[in-house]
Amino acid sequence: MKEVLQVVDLKKAYQKVEVLKGVTFNINERETKVIIGPSGGGKSTLLYCINMLVKPDSGSIILDGVDITRERKIYKARQKIGFVFQHFNLFMHLTAIDNVRIGPIRVKSMSRSDATETASEALKIVGISENLWSHYPAQLSGGQQQRVAIARAIAMSPRVILFDEPTSALDVELIGEVLNAMRNLTIKGVTMLVVTHEIDFALDMAEEILFLENGIILEKGPPKEILTNPKSERLKRFLSKLSKDRKEL
Amino acid sequence: MEVYFVIFQKFGKLLFLGVYFTVFITLCAVIVGLVLGFTLSVMRLYGSKPLKFISTTYIEFVRGTPIIVQLFIIYYGLSSTGLVRFTPMQAAIIGMGLNSAAYQAEYFRTAFLAIPTGQTEAALSLGMTRFKVIFFVLLPQIFRVVIPSWTNELIALTQYSSLAMILTIMELTSVAKYIGSKTFFYTQSFAIAGLIYLLFSFFLTRLMMLFEKRLAIPGISAAKVRM
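Protein chains in written order, with this note's numbering: chain C, 1 to 249; chain U, 1 to 227.
Hints in this document: simulated from the structure, not taken from any laboratory. Incorrect hints may have been included.
[Said to hold, decoys possible] Listed next, the in silico EDC-like pairs over lysine to aspartate or glutamate satisfying Cα-Cα at most 20 Å (straight line):
| id | chain 1 | residue 1 | chain 2 | residue 2 |
| --- | --- | --- | --- | --- |
| 1 | C | 188 | C | 171 |
| 2 | C | 80 | C | 177 |
| 3 | U | 132 | C | 98 |
| 4 | C | 236 | C | 213 |
| 5 | C | 11 | C | 67 |
| 6 | C | 80 | U | 121 |
| 7 | C | 16 | C | 3 |
| 8 | C | 16 | C | 29 |
| 9 | C | 124 | C | 177 |
| 10 | C | 73 | U | 121 |
| 11 | C | 11 | C | 29 |
| 12 | C | 55 | U | 212 |
| 13 | C | 76 | U | 121 |
| 14 | C | 108 | U | 106 |
| 15 | C | 21 | C | 219 |
| 16 | C | 244 | C | 177 |
| 17 | C | 124 | C | 98 |
| 18 | C | 80 | C | 18 |
[Stated by the list, open to error] Incomplete in silico selection of chain U near chain C, CB under 7 Å:
| id | residue |
| --- | --- |
| 19 | 12 |
| 20 | 76 |
| 21 | 77 |
| 22 | 78 |
| 23 | 80 |
| 24 | 83 |
| 25 | 114 |
| 26 | 121 |
| 27 | 125 |
| 28 | 127 |
| 29 | 128 |
| 30 | 132 |
| 31 | 140 |
| 32 | 216 |
| 33 | 217 |
| 34 | 220 |
Virtual Cβ for every residue (Gly too), placed ideally from N, Cα, C.
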């Protein structure tokens, strides 16, 4: 299987606080990997470093064999890395379809009609029906907004899509529709790196779960193994807290 | 009432000329200020250190000195060096444009800061260059956010254009003063000028409100919420 992304010994500190203390892993084509871990453990920072929205202090991010931390024109590499944010971050002045079209048109210099085709396809994959395409973000529910954001990412046909807790800002009843859209992507063979605490999604869809704690990957392995047979005390505690929280819901 | 009638009859043409100059100076200055002000705000927010320094210093200097001093320097000061010599009209437009730019820069900066940073991150994550992020994502939103404060500047500039009289330009206030000196009806002639300024501001305010309404997009700028 072809390697899409390799993260090698990635380090990042804010002032004196080390957030990432040397993170190493890779993702192969068509794989879905899930990152779990307590808040403050560096999950978001890791994703932001991968597409260089946050500059890592050291280490490499190798995308299709090219170390993008050394790239001067970083925006070129970013075209190949999709990003889905916790708070959707849709462009407020654009309708749903324009949010999806703007990437292909402005970045890939696609013609408007080609971009429309690409965008419609992407919106269909995430299950946004045609009557919503001309709605502005403020007129959409959180779940719809996040699905438009996912469509915006896939319309660029990136090599890998990073998801930063895509459902944690959503009401419980809206989480399902977003997870279903993501399941569709996994089935379609989109390469994904997902930070999430949706254990069921990880169990069904992920090839591997990484447990990121205190800036390092403490444990990793197939979902079943990680979730049912955690080795470290930290992971055990984290999982039991997670299931307790879920029961309270 | 008769006095006003006489003034209009005798000096109607001159008043019209005054209005023309006032409008002309204001519009030219506001456009100079718009272009330069936007550039300054981008420099200050996204520029390299030297650009940031230049922009901040410029804004600080212009806002920290009276516009009348700036006009004197541009008209009399520069011509005394023999390097450039502006006509009064050029000096007025340049002076007021440069002055307005400093204020508009800050209005634009405020508008930039009002756009959630997440949208910039999202635009960058699509692979946009900084230039594209500013022009395709931020600018269309900034213009909507900036309209109310920008209207403020437009109206202020209309009144400030009266300072062009010190450069011997026959704009509205200057005309009023002239009529007063010829007829000794100072109060009446200035009242006429004042009323014209008021009408002008009123008209501009409505126009900008119309723009605001036309360009409104749900979710951008202060949405009306009943409280």
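Q. CA of residue 132/U to CA of residue 98/C, is that 20 Å or under?
A. Distance ~15 Å between residue 132/U and residue 98/C Cα, so the pair holds.
Could you check if residue 76/U really has its C-beta closer than 7 Å to a C-beta on chain C?
-> Since chain C brings no Cβ nearer than about 46 Å to residue 76/U, farther than 7 Å, the hint is violated.
Self-check item: Interface hint outcome for residue 127/U [beta carbon to chain C under 7 Å]
Solution: holds, 3 Å
Review point. Would the pair residue 21/C and residue 219/C pass a check requiring their Cα atoms to be no farther apart than 20 Å?
Key: holds, 15 Å
Does the structure keep residue 11/C and residue 29/C at a Cα separation of 20 Å or less? Roughly 24 Å between the alpha carbons, so the hint for residue 11/C and residue 29/C is violated.
**Prompt:** Do the alpha carbons of residue 124/C and residue 177/C lie within 20 Å of each other, as the hint requires?
**Reply:** Distance ~13 Å between residue 124/C and residue 177/C Cα, so the pair holds.
Practice prompt. Return the status of the interface hint for residue 78/U: holds when the least beta-carbon distance to chain C is below 7 Å, violated otherwise.
Written response: violated, 42 Å
With chain C as the partner, please determine if residue 216/U meets the hint condition of a C-beta pair closer than 7 Å.
violated, 10 Å
Is the Cα-Cα distance between residue 76/C and residue 121/U 20 Å or less?
holds, 15 Å
**Asked** Between residue 188/C and residue 171/C, is the straight-line Cα distance small enough, at 20 Å or below?
**Response** Measuring from Cα to Cα gives roughly 26 Å; hence the hint is violated.
*Starting from residue 16/C, check that the Cα of residue 29/C is at most 20 Å away, please.*
With a Cα-Cα distance of about 36 Å, the restraint between residue 16/C and residue 29/C is violated, given a limit of 20 Å.
Hint validation: residue 121/U versus chain C, beta carbon distance must be below 7 Å. Holds or violated?
holds, 6 Å
In this structure, the hints that do not hold are numbers 1, 2, 7, 8, 11, 12, 14, 16, 18, 19, 20, 21, 22, 23, 24, 25, 32, in rising order.
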